[in-house]
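Reassemble the complex: the two chains are provided individually, in unrelated frames, and hints are given to aid placement.
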Amino acid sequence: MGLGNPFEDPLRFERGAPPCSMVIFGANGDLTRRKLVPALYRLAHERLLAPGFAIIGNSRTALSDDAFRAKMRESVAEFLEGEALDEGVWASLARSLFYVAGDVQDSALYARLREKLEQIEGQFQTGGNAVFYLATHPTQYAIIAGRVGDCGLAHGAGWRRLVIEKPFGRDLLSARELNGQLQRAFAESSIYRIDHYLGKETVRNILALRFANGIFEPLWNRRYINHVQITAAESIGVEGRGAYYQEAGALRDMIQSHLLQVLATICMEPVAVWEADAVRDERAKLLRSIRIMKPEDVARNAVAGQYGPGRIGGEAAPGFRQEPGAAPDAQTDTYAAAAFFIDNWRWAGVPFYLRSGKRLPRRATDAVVQFNAAPHALFSSLSGDGGPASPNLLTVRIQPDQGISLRFLSKLPGDAMRLRPVSMDFNYGASFGPRQSWDYETLLLDAMRGDSTLYIRQDAVEASWAAVQPILEVWSDQRLDFPNYPAGSWGPKAADEMLARYGHVWRNP
Amino acid sequence: MAALDPGKVVAELNELWASLEKTAGENAHGVVRACALTLMVFAEESDDPAAIGQTLALAMREHPHRAIVVRVRPQDGPHLEHRVLAQCWKRPGQRDQICCEQIEITAAAASLPDLGSTLVAMRAPDLPVVVWVRSPAVFCSQFALFNTLDADKLIADSDAATDPGTVLSHLVEIAPAPGDLAWTRITRWREITAQAFEHPPARDAASQIAEVRVFCGGERIPSAAFYLGGWVRAALDREVAIRFERVAGEPIEGIEFAGAAPDSFRLSVRREGRDITVTEAGGVRKCIGCAGRSDASLLIEELGIPGRDPVYDKALRIAAQLAGHERR
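Protein chains in written order, with my numbering: chain A, 1 to 509; chain B, 1 to 328.
Chain B with its partners taken away, still in its complex shape (with noise of 0.2 Å):
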């Protein structure tokens, strides 16, 4: 394996923008370097690359930061390769370019865990490093590796995982403050419920929530239905019944909410075409704008939040052992 220089990158990066300041001379207006944080990206190397690029162009936007992506190649290979390049914008009526630094690493899966020591010295010094490992398999074989690199978070992605359990368990164990985007992709759905129960009545209510129901869509019991279901456990804060009921259509496609007995409390939050809406004692409201989040929103919203999110480890570790239940 050829030894990557850290020192050498950071060298080629000065270069990079001293090029970049030339030529924005030339043309009569400025760069600004922006760079609020670290986010090292592991894809395996078939990921598509500008999926990636364009998802972290968007994130860059509002969380500038020096990404460091490193594609991770299942067989071995001669070279531990890199390359530098910066992801630049302009903001409406203004002249000068803002850029953000990019440094892309090629790696042999098994050269990864000698990886650690190299990847901590190229982060920005004095900034947040946030992890993102887009890919579940590479997050579960490297798991060890994650611990190594500082880093004040770490996102993984269940939603694609074959054993969401797994993911969420190794999650409650990690060092860095967890972070999932299965779970950022049901913000929209919590969000919903929490402004159903703002309405008195279902506040009012909410003591006496027996059971809720999940329902979730695919092959399995995806990651997001065990996170809608240790969020709502969580909340309340006491061990409602929550049960998973598999229909046709997204992973999760409605949560329902009901008291012990039959004529007491009900609630349905239900996916309806691009809609979600609440049902509460036969009144009917519907809501807008539920319609698929990319990977460039998620990330930005975890992004925001770059320490330990509260309301997320305690849904984590009820998720771990929902998910848990579930397997055996």
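The following block holds chain A by itself, in its conformation from the complex (with noise of 0.2 Å):
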């Protein structure tokens, strides 16, 4: 509900979204089929969306309304999870359904789509709101934005936002570029850059605990944590996204955005109020406070990683390298981990280790929160076990098995004093029930509605691509010697040595 409704009922409507139609460019990709659809079906299913609303697909390939409509129930059926489809709701939101065939490059493409939008707003009532949705390549964002602009479909009786997918550039200097290309169709608060990790429940969950409990904030700071690292793991190699991948490589999949604003959220200050931008004001902040490598700190503090074969779950898996798309002499880095620093008052000298990779022993993407061991070792002595090798962790599971764990010692049951770690455990689905929402439902509502609280602004794409822009550059200026690590296993060796260099280990999830 927007301003001025004295209807208004926070704690039981959900926050539905106005009406407005959504062009989704790429209306026949994978993000569309997997992500987009099913998760827009579940906002019906939920009645978030307005009954106002509509879609209008877009690629080159020739479909009509009701073929698009028949693809589009073959996506969702398949990806929801196990969940039935509800042939009610489908057939109503399949009404809102439409689709227009053409390149994105051909300007009168953006003509029949005025058309569309015109139609569709005096029959759905949408009051000209529109969201444009770039499924596409990232190649055709500045495209797509600049012809939007041109067309005049910018603007319109409503409001009128885009939204784009990550990677937001290659680099900082590309970055910049393709934040100026799209600024100059939209306004920077009309523009939405998804990373999807912030939609996920754990991530937003950090704040939650963070800030609404008066337990853990006293201690969030270098007098009580002694490093953080942050996981994301993956079982899988590159699943025929071989020739993709070669161009992105984990440094730059994964950690200069995901995990970065995972960071970002474990670091940033707490805020005064509740508001997009005093929220994406501190995220901001703490990535402008990571500590900018000089070319000589590469080497000890950041290691990449490529797999070879290997066997996983006693199967052989190939190596990067023999997997479809990728050449056979490819520098592409399947891992990366790096130790980052933040220059503020809160951080410093704390390090923060970061890691991603491809075809390591399970998928799992956790950050972990090590506590300074008890200032006086008082049961050591009489124990044997359960000293400083088992320091207080503070674990936020945010996939696959979203949760929180709090690890302490605790007094083995008997006369001798004699110690073992356990854990306190929350776990999402026991608590709160199977029906989470999807990352992607809640970025998109909020996009509908105007919240970019979640997505991430221009000066913070730019902050996190500076942080790895010197790792980037060292990288690409040495022939790596790749393969380092076999498929299977938890990546190359030099990663432990990293943080055996700050003493150190991985907590392998």
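Calculated from the structure, these hints are not laboratory results. Careful, some of the hints might be misleading.
Pair ranges (Cβ atoms, derived) [stated by the list, open to error]:
1) B:E81 x A:G314: 54 to 60 Å
2) A:L85 x B:V247: 32 to 38 Å
3) B:E250 x A:A67: 56 to 62 Å
4) B:K314 x A:G414: 41 to 47 Å
5) A:A276 x B:V247: 28 to 34 Å
C-beta atoms are modelled at their ideal positions from N, C-alpha and C, and glycine is treated no differently.
Given below as structure tokens:
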């Protein structure tokens, strides 16, 4: 509900979307099929879409509205993750699906889109509101935004917003260039850059954990926190995306975007008010506080890896260079790890270790906060275990099993004062039931409602590129000795050595 | 009356968990003991136990709780009976079972006033306590008991009451945060009405509303109608005229908003089969998904708001007044 509606009831009415059209470029692609339309269906199922909502799909393939609807129905049924498709809900949503074929470089396409938008505006009473969702290859972002702007579609009777997916450039320079191109058509306040990690319940819950509880924040600083590890491990390889991944790599694909956003969420200062710009200001401020590595520091603080052939679950797994689409001498980092430091009063001297890799032993994303040991090891001579090797850990499990655990030492029953680490666990599924919003549901709804809290602003994008830029430059200037870890292992030895230099070890999920 | 020892009941719960864990261990899966609140349920002995069990089983999935179900026997019985059990389920793709515990007590109505401290001793410590009184008769006759349970919230169901006004006035007075499934049943009506006022012309015209007509079915004006009227007046924060019009059909059949002048603003939200239709200045928009809701779904919504609900509190006070006027 917008401002001024006397009948608002924020406790009861879920945050519904206002009437609008959503134009999806790349409507025939994987993102639309796997994520966007299933998420929109779920929003419809939860009655969070306005009666005046319509989708206009676009791609080059010629399709009728009905063929597009049939295709999307198939996708929704396939990607509902075990939920049954409600035919009534689908039938209602399907009536709002339209399709306009055309090449995004062709100005005539935008004339047809304008005509369709005007028709829908009358039919669905959208008030002229429209979201342009670019589910296309990133190289087309500037072209589409430019054409939308040139054809006058960036402004209308209602609001107009542009949504794009990462990557936002390939490095700092190209990110700045892209931002400039997008801003020629849309104001920064109308550009919504998605990092779907920020839509994940557990990532959002980090802010609740920190700022809604009195016990954590007093400890949340360099005096009590020893270091933080953020891991995004995938057991799969590039799954046919070898050609794309060859251009991206783990540092660009995961660390620059998702993991630095998680880092910012863990480390940002509290906001005075829960408002989009206040949250985004703090997140961007934190990212700007990351110490920029000097080229000579990169070898000490960053490790690139690429998987070679190995075995996973007893089966042979190919190396990256054997993947379809990957070059036999590819220099792609399928694994990246880096130690970052934040130069501010709260975090000075605390290392933040970020790593992401493919073909690791299991799929798991988590952030582990390790606290300093008790100042005096009172029980170490009596115990033999549970000493410094078992520090207190606060683990935020982001996927697949979302939850939070706190590890602490406890006395084993019996006469002797023997200690053992135990864990207090909070599990989302056990506490809140099986139904959880998907990240794309949250983010799409927010974009329609004009809530940009979970979207990344230009300054944050540029700050996160600035943090990894020296690593990118050093790595691109040298020939990396790949492959350097077998598929199914936890990454290259050099990553263990990097932590060992700081007196730490990786905690594998 | 046989005494009910809370310590013994808790010990029985622990035995139950030990046995669940043993069985789980034999079958190579784990058991998670899930509990985020205590839910005390008061029902008449004649109330369908299977329906209560089903409702609690569904509610537990979203709000895991220790359920204490008190079945009230109208006549004096020789014993206060109890048993403990667990409700378990598995999430798709997961091996571990998630289980919630349930204590069932059968007690004579006359013994209820003495049961308060025993029930308080059986709640899960340090977690919110919500009381759900399914029967309006039990709610009205045992009203004093519910103030002694240290509950954070009390949920009644005034829909089945012969005199909804009494239930509403008790809810105004009760110490815990009040709730009423009759109010929860109109969430969809309110939501659609609010959505209709999202449309800029309607929102701009809200200040012109002079009269509201609530169309209701049934033999008497249902509490849902008083709530709808109370909510509108509270939302507009002024003395608009609220009129109740009796029609055939469901407890709520529609609501209409009109300005003072004949040609001024008019907006109608009416039931049409399974749909609710919004009509404004000649334009018609249909909304779907307005089928009746299960008790479990209503309870889940209420358990999602463990404290005071300011919108409901305001609507309740006015609804109780409206019910009082109608009674006179």
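Consistency of the hints with the structure:
1. B:E81 x A:G314: 54 to 60 Å: holds, 55 Å
2. A:L85 x B:V247: 32 to 38 Å: holds, 36 Å
3. B:E250 x A:A67: 56 to 62 Å: 40 Å Cβ-Cβ, so the 56 to 62 Å window is violated.
4. B:K314 x A:G414: 41 to 47 Å: violated, 58 Å
5. A:A276 x B:V247: 28 to 34 Å: Violated, at about 45 Å.
Hints 3, 4, 5 from the earlier list are contradicted by this structure; the remaining hints agree with it.
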